[in-house]
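What follows is the residue order along each chain.
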Amino acid sequence: MDKMKLMLVDDEERYLLTTAKLMEKKGIEVVTAQSGSQALDLLKTHDVHVVILDIKMPGMDGFKTLRAIKTLYPPVEVIFLTGHATMDSAVEGLQFGAFDYVMKPADIDDIVNKAYEAFEKRLRLDEKIRGLTSGSEMDPYDDK
Amino acid sequence: MDKKNVAENNRARRVKRNILTNMIVIPLIPLFLAVGISFYYFTTALENSSTHSLKRIVGDHRDMIESFLMERKSDLEMVTHLFDFESISRNQVIDDMFEVLKTKSGAFIDLGLFDSRGLHVKYSGQYQLTGKLYKDEFWFREVMEKGRYISDVFLGYRNVPHFIIAVKKGEGENAWILRATIDTLYFDRLVSSVRIGSSGEAYILNKNGIAQTGRRSGGVNVMEEDPEFSAFPSSDSTIHTFLKSDPQGVKYLYATTWLKDLEWLLVVRQEKKDAFRFFYYALYASLVIMVLGIAIIVGMSFFMTEKLFTRMEQLGRDKKDLGNQLIRATQLAEVGEMAAGFAHEINNPLQIIKSEHALITSIFDDLFENKKIDREDEEILELQDSLSQIELQVSRCSDITRAILKFGRKNETRVQLLHPAEEIPEILKMIEQKASVEGIAVFQRIPEHLPGFMGDASQFQQVMLNLFNNAIDAIMEQHPDAGGRLDIQGQLKDEKRVEIRVTDNGAGIQPEHIEKVFSPFFTTKPVGKGTGLGLSVCYGIIESFGGTMDVTSRVNEGTTFIITLPMAEAEMQDQ
Chain A
201 MDKMKLMLVD DEERYLLTTA KLMEKKGIEV VTAQSGSQAL DLLKTHDVHV
251 VILDIKMPGM DGFKTLRAIK TLYPPVEVIF LTGHATMDSA VEGLQFGAFD
301 YVMKPADIDD IVNKAYEAFE KRLRLDEKIR GLTSGSEMDP YDDK
Chain B
35 MDKKNVAENN RARRVKRNIL TNMIVIPLIP LFLAVGISFY YFTTALENSS
85 THSLKRIVGD HRDMIESFLM ERKSDLEMVT HLFDFESISR NQVIDDMFEV
135 LKTKSGAFID LGLFDSRGLH VKYSGQYQLT GKLYKDEFWF REVMEKGRYI
185 SDVFLGYRNV PHFIIAVKKG EGENAWILRA TIDTLYFDRL VSSVRIGSSG
235 EAYILNKNGI AQTGRRSGGV NVMEEDPEFS AFPSSDSTIH TFLKSDPQGV
285 KYLYATTWLK DLEWLLVVRQ EKKDAFRFFY YALYASLVIM VLGIAIIVGM
335 SFFMTEKLFT RMEQLGRDKK DLGNQLIRAT QLAEVGEMAA GFAHEINNPL
385 QIIKSEHALI TSIFDDLFEN KKIDREDEEI LELQDSLSQI ELQVSRCSDI
435 TRAILKFGRK NETRVQLLHP AEEIPEILKM IEQKASVEGI AVFQRIPEHL
485 PGFMGDASQF QQVMLNLFNN AIDAIMEQHP DAGGRLDIQG QLKDEKRVEI
535 RVTDNGAGIQ PEHIEKVFSP FFTTKPVGKG TGLGLSVCYG IIESFGGTMD
585 VTSRVNEGTT FIITLPMAEA EMQDQ
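Chains as they are written, first to last, in our numbering: chain A, 201 to 344; chain B, 35 to 609.
These are computed hints drawn from the structure, not numbers from a lab. In this text, a Cβ means the ideal position worked out from N, Cα and C, and glycines have one as well. Careful: at least some of the hints might be erroneous.
Below 25 Å or equal to it, Euclidean Cα-Cα: the simulated DMTMM-like pairs (lysine to aspartate or glutamate) are [to be verified]:
| id | chain 1 | residue 1 | chain 2 | residue 2 |
| --- | --- | --- | --- | --- |
| 1 | A | Lys221 | B | Glu390 |
| 2 | A | Lys225 | B | Glu403 |
| 3 | A | Lys203 | B | Glu511 |
| 4 | A | Lys226 | B | Asp408 |
| 5 | A | Lys256 | B | Glu379 |
| 6 | A | Lys205 | B | Glu390 |
| 7 | B | Lys550 | B | Glu591 |
| 8 | A | Lys225 | B | Glu379 |
| 9 | A | Lys226 | B | Glu379 |
| 10 | A | Lys221 | B | Glu425 |
| 11 | A | Lys221 | B | Glu591 |
| 12 | A | Lys256 | B | Glu371 |
| 13 | B | Lys169 | B | Asp222 |
| 14 | A | Lys221 | B | Glu403 |
| 15 | B | Lys294 | B | Asp217 |
| 16 | A | Lys225 | B | Glu591 |
Pair ranges (Cβ atoms, derived) [said to hold, decoys possible]:
| id | chain 1 | residue 1 | chain 2 | residue 2 | range |
| --- | --- | --- | --- | --- | --- |
| 17 | B | Leu421 | A | Met260 | 34 to 44 Å |
| 18 | B | Ser470 | A | Gly259 | 54 to 64 Å |
| 19 | B | Val449 | A | Thr271 | 51 to 61 Å |
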């Protein structure tokens, strides 16, 4: 199995730092971003499987970021990290293609478990795409 | 509070008094006007008609008397034209004449013939007057001078009141006079034949005020002077009417007119209360209407004011209740919103603390694995213990923020028909164990057929559990060992609402706290034992079901929570 590459997006720097450390200990490759726009920049250069995205951020909020990610990088799975009050937008996020949401304050294990679920989905998707592109030249997969 | 109530009561009383006064006074104005004006015009019309009818009567009566006198005079004149002195002087002729005249009018009582010297030549009648000399008599001189004369009533030789009609024929030495006496009884009857009401009467006075006829009421007899005469209008031919008291003090309505060439005054009078009896009827009727009207208006005003006020007080109370509910709801909403924002912000640092804790734990695990520190080291154990406290306290914080967030927002709910008789026993099962351990007897009285209401089952469960747990806590405080009692009662409140009462015999709620029990963050429990959100959440839930929640309590006796819920529409049709 490939190693999971995960991106953490949150405006709390200390949270990013600690969580990144914890995840790396669990053998997950972690990229962190402090804002939605930084996340989009990093996605250009990093092949990330799963993004953990805080909804409430200054500037570009989690919701806008999700839509940008889903437009630019459709295979990337997104998990929302939400305070309770923004759960309505979390649910709306699910309709726009987020994989799931985790409620703050969340156990690191919960986040990791959800991330792995998303990662597996991503892998299955990659598998399918590979099958399609190698199996039939007649139905070429156009850069999706 | 008491002062305010007193002031409010005073104000209410003042308003009530004003309304009452207005309700009485305003309808009284048109009543007075209507009755007063109609009374005035009615009585004026009555007075006019009374006076007019009296005037008419006196006028007719005058004409009748005048024509009577004129006819009698004509009777005599006819005789003087038909006969001469010699023929009348013959024996028996005057008797025959008298007989003829009597057939014409019963008023004649005798007839006499006089020569120019005043000698009574012939006489027919019941007195012996033949041969008497009348030349100095007043009437004789008058008739000799004027040719005809009707006298006032006088006594004369016969010494009985009578009056005479005399007619002269011829001039100088050859003149002769025919004289007839008129029966005063007959004339009296004629004059007094006027009958008006019960007290009306007519009589004649001469120009000196001497009564020429008797009167029904007595008082002044024929030939007596009428003391009132001086007050009557002086001679003219018109009819006068006026009100006057007679010497006995009885008020009369008078009508007077002069007749017989202004020599006699015809008086017709009627007692005022008789003449104006319709006036008095009108007065009494008006008074009765007034009194009845006033009584009705006053009665109705009191009744209406009372009714109005009861209604107003009811409205006032309703308004106050509604106001309280609104304030409570607004408070809840505001506090809820604020709390939700606050909890949300707290969640971020909690998340970091949690991560840090996870990191520390993970680092410890690494250290143990690499044998860099000793798992049994006392200081390490202490650190581990402290670390687990951090985990515990963080999760406590997150419980609180979750509770707040849950209160501040609506979760996804599934509204369905719930029947108290099905739901409540299920919920009670969850606390049965706890209650029996604490020695609390649980009684439930919920009729099988009690209609259901619309709501979310888990929210309803939350409400009931909250109430049950509160009740158990309160009972524990009051009856720590045994003797606790928890009553759950379901019943119909009215045809549209069901009521659920949860009653305990616990410690009760202090009166100063009772208004705040539904306020968020209000708790009397020790710090850390309650968030103060339970009842306000319950209140919000019941409100979202369209119901209301209320509480009554007595310190040391117990508390009752009353939930009133609108009956489900489907159930209403079944009722």
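Hint by hint, here is what the structure shows:
1. Lys221/A / Glu390/B: With a Cα-Cα distance of about 10 Å, the restraint between Lys221/A and Glu390/B holds, given a limit of 25 Å.
2. Lys225/A / Glu403/B: 14 Å, holds
3. Lys203/A / Glu511/B: Between Lys203/A and Glu511/B the Cα gap is close to 59 Å, so the pair fails against 25 Å, i.e. violated.
4. Lys226/A / Asp408/B: 23 Å, holds
5. Lys256/A / Glu379/B: 10 Å, holds
6. Lys205/A / Glu390/B: 22 Å, holds
7. Lys550/B / Glu591/B: Measuring from Cα to Cα gives roughly 19 Å; hence the hint holds.
8. Lys225/A / Glu379/B: 28 Å, violated
9. Lys226/A / Glu379/B: 29 Å, violated
10. Lys221/A / Glu425/B: 19 Å, holds
11. Lys221/A / Glu591/B: 59 Å, violated
12. Lys256/A / Glu371/B: Given pair Lys256/A, Glu371/B holds - Cα atoms ~17 Å apart, limit 25 Å.
13. Lys169/B / Asp222/B: Since the Cα atoms of Lys169/B and Asp222/B sit roughly 29 Å apart, the hinted pair is violated (cutoff 25 Å).
14. Lys221/A / Glu403/B: The given pair, whose Cα atoms are some 18 Å apart, holds under the 25 Å limit.
15. Lys294/B / Asp217/B: The given pair, whose Cα atoms are some 18 Å apart, holds under the 25 Å limit.
16. Lys225/A / Glu591/B: 61 Å, violated
17. Leu421/B / Met260/A: 34 to 44 Å: Since Leu421/B and Met260/A have Cβ atoms about 37 Å apart, the given range 34 to 44 Å holds.
18. Ser470/B / Gly259/A: 54 to 64 Å: 58 Å, holds
19. Val449/B / Thr271/A: 51 to 61 Å: About 38 Å separates the Cβ atoms of Val449/B and Thr271/A, which means 51 to 61 Å is violated.
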